Amino acid sequence: MIEAINVSKHYTLKEKKRWFRSEKKTIEAVKELNLSINKGEIIGLLGLNGAGKTTTIKMLSTLLKPSSGTITVDGVDIETNPMEVKRKVNMIAGGERMLYWRLTGYENLIYFGKLYGLAGDVLRNRCQSLLENMGLGEAAHIPVERYSKGMKQRLQIARGLINDPTYLFLDEPTLGLDAPVAKHLRKSVKELAHQQGKGILLTSHYLEEVEELCDKVYIIDKGIMVLEDTPKNIIETFVKEFRVTVEVQNASTEQIHSVQRRIHEKGASFVSTEAAGGFVFEVISPFDATPLAASVCFELGLDIQRLETKKPKLEDAIIQMSEGLSA
Amino acid sequence: MWLPFSATFKRNFIVMKRAYPWSFFIGHILSGAYIVFFAYLSYTFVFNKDMDTRFTAYAGTNDYLSYVILGGVFFSFAVSMLMIVSRSIISELREGTLEALLLTPSSRKGYFLGTMSQGLTRAGIELLSILVIGFFFGLQMAIQDPIAVIILFIILLFSLFSQALVLGAFMLYFRDTYITQNTLFVLMGLVCGVTFPAAYLPNYVEWLSYCMPLTYGIDAFRMVMTEGETLAGIQFNLFYMMAAGILYLVIGSIAIKRMEYVVLEKHFG
Amino acid sequence: MKIAEIILAEISKSHRHNFHNRMVYFSLLIWPALLFVTAYYSFKPFNLESSSPVFDHIQTDSLILFLLTGYLGYIFFWSLVQSAWQMAHERQSGTLEIVFLSPVSRYTLMFGRAAGNLIEAVWMFTAFAVIAMASVAGIESIAWWNVPIAFFILAFSAIIWGGFLNIVFLFSRDAGILFTVLEEPMQFFSGVRIPVLALPLWGKTIAYMFPLTYVLDIMRELLLEGASVVQLGTSLGLLGVVLLVLCSASFFILRRAEQHARTTGNMVLF
Numbered sequence: 001m002i003e004a005i006n007v008s009k010h011y012t013l014k015e016k017k018r019w020f021r022s023e024k025k026t027i028e029a030v031k032e033l034n035l036s037i038n039k040g041e042i043i044g045l046l047g048l049n050g051a052g053k054t055t056t057i058k059m060l061s062t063l064l065k066p067s068s069g070t071i072t073v074d075g076v077d078i079e080t081n082p083m084e085v086k087r088k089v090n091m092i093a094g095g096e097r098m099l100y101w102r103l104t105g106y107e108n109l110i111y112f113g114k115l116y117g118l119a120g121d122v123l124r125n126r127c128q129s130l131l132e133n134m135g136l137g138e139a140a141h142i143p144v145e146r147y148s149k150g151m152k153q154r155l156q157i158a159r160g161l162i163n164d165p166t167y168l169f170l171d172e173p174t175l176g177l178d179a180p181v182a183k184h185l186r187k188s189v190k191e192l193a194h195q196q197g198k199g200i201l202l203t204s205h206y207l208e209e210v211e212e213l214c215d216k217v218y219i220i221d222k223g224i225m226v227l228e229d230t231p232k233n234i235i236e237t238f239v240k241e242f243r244v245t246v247e248v249q250n251a252s253t254e255q256i257h258s259v260q261r262r263i264h265e266k267g268a269s270f271v272s273t274e275a276a277g278g279f280v281f282e283v284i285s286p287f288d289a290t291p292l293a294a295s296v297c298f299e300l301g302l303d304i305q306r307l308e309t310k311k312p313k314l315e316d317a318i319i320q321m322s323e324g325l326s327a
Numbered sequence: 001m002w003l004p005f006s007a008t009f010k011r012n013f014i015v016m017k018r019a020y021p022w023s024f025f026i027g028h029i030l031s032g033a034y035i036v037f038f039a040y041l042s043y044t045f046v047f048n049k050d051m052d053t054r055f056t057a058y059a060g061t062n063d064y065l066s067y068v069i070l071g072g073v074f075f076s077f078a079v080s081m082l083m084i085v086s087r088s089i090i091s092e093l094r095e096g097t098l099e100a101l102l103l104t105p106s107s108r109k110g111y112f113l114g115t116m117s118q119g120l121t122r123a124g125i126e127l128l129s130i131l132v133i134g135f136f137f138g139l140q141m142a143i144q145d146p147i148a149v150i151i152l153f154i155i156l157l158f159s160l161f162s163q164a165l166v167l168g169a170f171m172l173y174f175r176d177t178y179i180t181q182n183t184l185f186v187l188m189g190l191v192c193g194v195t196f197p198a199a200y201l202p203n204y205v206e207w208l209s210y211c212m213p214l215t216y217g218i219d220a221f222r223m224v225m226t227e228g229e230t231l232a233g234i235q236f237n238l239f240y241m242m243a244a245g246i247l248y249l250v251i252g253s254i255a256i257k258r259m260e261y262v263v264l265e266k267h268f269g
Numbered sequence: 001m002k003i004a005e006i007i008l009a010e011i012s013k014s015h016r017h018n019f020h021n022r023m024v025y026f027s028l029l030i031w032p033a034l035l036f037v038t039a040y041y042s043f044k045p046f047n048l049e050s051s052s053p054v055f056d057h058i059q060t061d062s063l064i065l066f067l068l069t070g071y072l073g074y075i076f077f078w079s080l081v082q083s084a085w086q087m088a089h090e091r092q093s094g095t096l097e098i099v100f101l102s103p104v105s106r107y108t109l110m111f112g113r114a115a116g117n118l119i120e121a122v123w124m125f126t127a128f129a130v131i132a133m134a135s136v137a138g139i140e141s142i143a144w145w146n147v148p149i150a151f152f153i154l155a156f157s158a159i160i161w162g163g164f165l166n167i168v169f170l171f172s173r174d175a176g177i178l179f180t181v182l183e184e185p186m187q188f189f190s191g192v193r194i195p196v197l198a199l200p201l202w203g204k205t206i207a208y209m210f211p212l213t214y215v216l217d218i219m220r221e222l223l224l225e226g227a228s229v230v231q232l233g234t235s236l237g238l239l240g241v242v243l244l245v246l247c248s249a250s251f252f253i254l255r256r257a258e259q260h261a262r263t264t265g266n267m268v269l270f
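So the protein lines, in turn, are chains L, H and G. Residue numbering for the first sequence follows UniProt numbering, beginning at 1 and increasing consecutively. Residue numbering for the second sequence follows UniProt numbering, beginning at 1 and increasing consecutively. Residue numbering for the third sequence follows UniProt numbering, beginning at 1 and increasing consecutively.
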């Protein structure tokens, strides 16, 4: 388990004024953060405003030193024994960095593998199988500069797995990727956690991705942890609005009025518009009104053409939340 | 330490093979060759071999051409080696691979030594090329003690390596290579006794030459390569370079480590 | 006037682009000053008494004055090599194509750019050189009334040279290597450090391929000998011819390159 206890990080920035004069400014990127990542678990890290996600990931991966607080990885303190921690973690960032473009994919992996103390057949076999798994088997001996964006990203993942880390940090891994590539990547992430038992920390702009993958989500705002829960609970806590759209044919105005009455009785609001050959109405309620709408139509003998429930998403929750915070 | 050393050596070798830094390579050979060539022209045509009376005393030889040619050879070698080692980390930063490198539990010494050893293959070719050019322009060699030359070479390499770490830390601090490196090189060209003995300089400038291991390196190479001096004769230079090298190594290692952190902190998100 | 506007735009752009960093003063003041000092001390091993053969060939009996005027001219020319070199980077980063979309004459742009960069790049070393000349050699050894003329000739020639370089670097991928190869020979053969007259015939031949040689010659006559413009008629005429050749070469290359670029979509000509 990775455990961060009361971790803070502040930067001192020098703002340059005129010649040789500069003003010192302290920026608190992360304040008193507590989090834990278990093996086999995918944790999402979401930020609202100027959040400090990357700072957090860099601290967890030993790149940055926390200003205060402690981080332990399987009980090993990150400050007293960084080398042992480095063996157990790895980080993958989105974009095209962290690879040597002049080397081939295979050469990149060999190089990094050696820096992790691997050598010989063990290393060669691991590089080969990682490249195969990432679908880069054929491109293994082509310099990275000739790779497409998606290929570079997959090679990055292979690089992140070269030391078979117990914990993996993914910083915006699908940034700028095509939809099919991103989908494939999400599948790999799930496998890594659920089948290989790796603990994964993920940050992403794509909230759907976080909702789909993460077992638990941490939300930070201006460096402060504001919420920690499962995506499902977060949605239920914050989203108070469910929408159901129903399209019916051959209905009279009276029938629609009685639908409206029944729906109002249950405490939901109702909007209807006349459409070609019938009506379209929308039910907005603080609960899921799908069964209600269906049963009302059924009782009145209306001919349902279409019934659509818009499920609240994590995105809606986050928007609600950030509006609440900034208000 | 061996794995990062050999891995970095191999990696740089592949990169060099694929994208040979021709402009650096040619630039270094030329800068050495030009020193040799222009010294020859000045000596032969402009001053008609008419020397200053103090030169022999200051330089320890009256062979001006050999003096300048060895100066050019080792000055451009030093520039090459300093550049190769000092630019390595900032290049990682620019190419976006620094974080991936720092994530690994590998020895940084192995990394730097690998970079230097690989660079040595290139800088060595440059050195030999300039030396060969030197023979055409009047270099007279008289080596009595080849072992001394080898030991001197290794110690010079060590002191340059250490100095390069300090230079590399400056580069990371200023986020610049061009200005930082060339300011040092222009200064070295003035004070290290490349084309004239540092003793000609005013005292308040001459002390700068004490900070540069290259001053003692060039001086010692002249003694063992053209004056037939033995190991015993260059003892002082060797000790001085060792001491300066150790000092720079300590400062450089600490400074580079600190700058790595500073650089990472500057990119926060 | 259009050209003035372009020069101003170029000055303010290069100022903001290159001068945000104070370190640029190193390349514009400290390096040339150190190179000058190094060149001076490199002569120390030689006989520098008044009996020295070098004084047969130079206009002054002060080596420092000779070198200062030399480096002053050199820095004008060399700073434009640097700025042309930077333009090659601009081409790679793509900003140049956008500039070319604008309805500005390319020649105006290329020469305007040279002029704009020149002023930025040389004023510091110029100030240094003038102060150094006055303090080292004494005020009376310089023909001060000729200073404006000398600077005009120097700046004008440098701009023609700079425009030519801009065009060459604009359409060439490997001009950077030219920079490496020619930088020091220009310093040596143009008479920056040693008198051209002392060189053997083949050396003089190389020397007169660099426009800087003609400029330095005229500059030294003006500043150190106090010669009048009329006396220098022949030299000035020769310089004019050289600059005319440079101009026509610029014109020719630019036209060829633009045709090439529009048919092949490739900015690189050679």
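Worth flagging that the hints you see were computed from the coordinates, not collected in a lab. One or more of the hints may lead you astray.
Stated by the list, open to error - Cβ-Cβ distance ranges computed for the label pairs, FRET-style:
| no. | chain 1 | residue 1 | chain 2 | residue 2 | range |
| --- | --- | --- | --- | --- | --- |
| 1 | G | Ala127 | H | Lys109 | 40 to 48 angstroms |
| 2 | H | Tyr20 | L | Glu132 | 45 to 53 angstroms |
| 3 | H | Asn182 | G | Leu197 | 28 to 36 angstroms |
| 4 | L | Phe287 | H | Arg175 | 52 to 60 angstroms |
Small disclaimer: the values here were computed from a predicted structure and weren't measured. Cβ atoms here follow ideal geometry from the backbone N, Cα and C, with glycine treated the same way.
Going through the hints against the structure:
Between Ala127(G) and Lys109(H) the beta carbon distance is about 47 angstroms. The supplied range of 40 to 48 angstroms therefore holds. Between Tyr20(H) and Glu132(L), the C-beta spacing of about 32 angstroms breaks the proposed range 45 to 53 angstroms. The hinted window of 28 to 36 angstroms between Asn182(H) and Leu197(G) holds, with their beta carbons roughly 32 angstroms apart. A beta carbon spacing of about 57 angstroms between Phe287(L) and Arg175(H) agrees with the range 52 to 60 angstroms that was offered as a hint.
Going through the hint list in order, the structure does not satisfy hint 2, though it satisfies all others.
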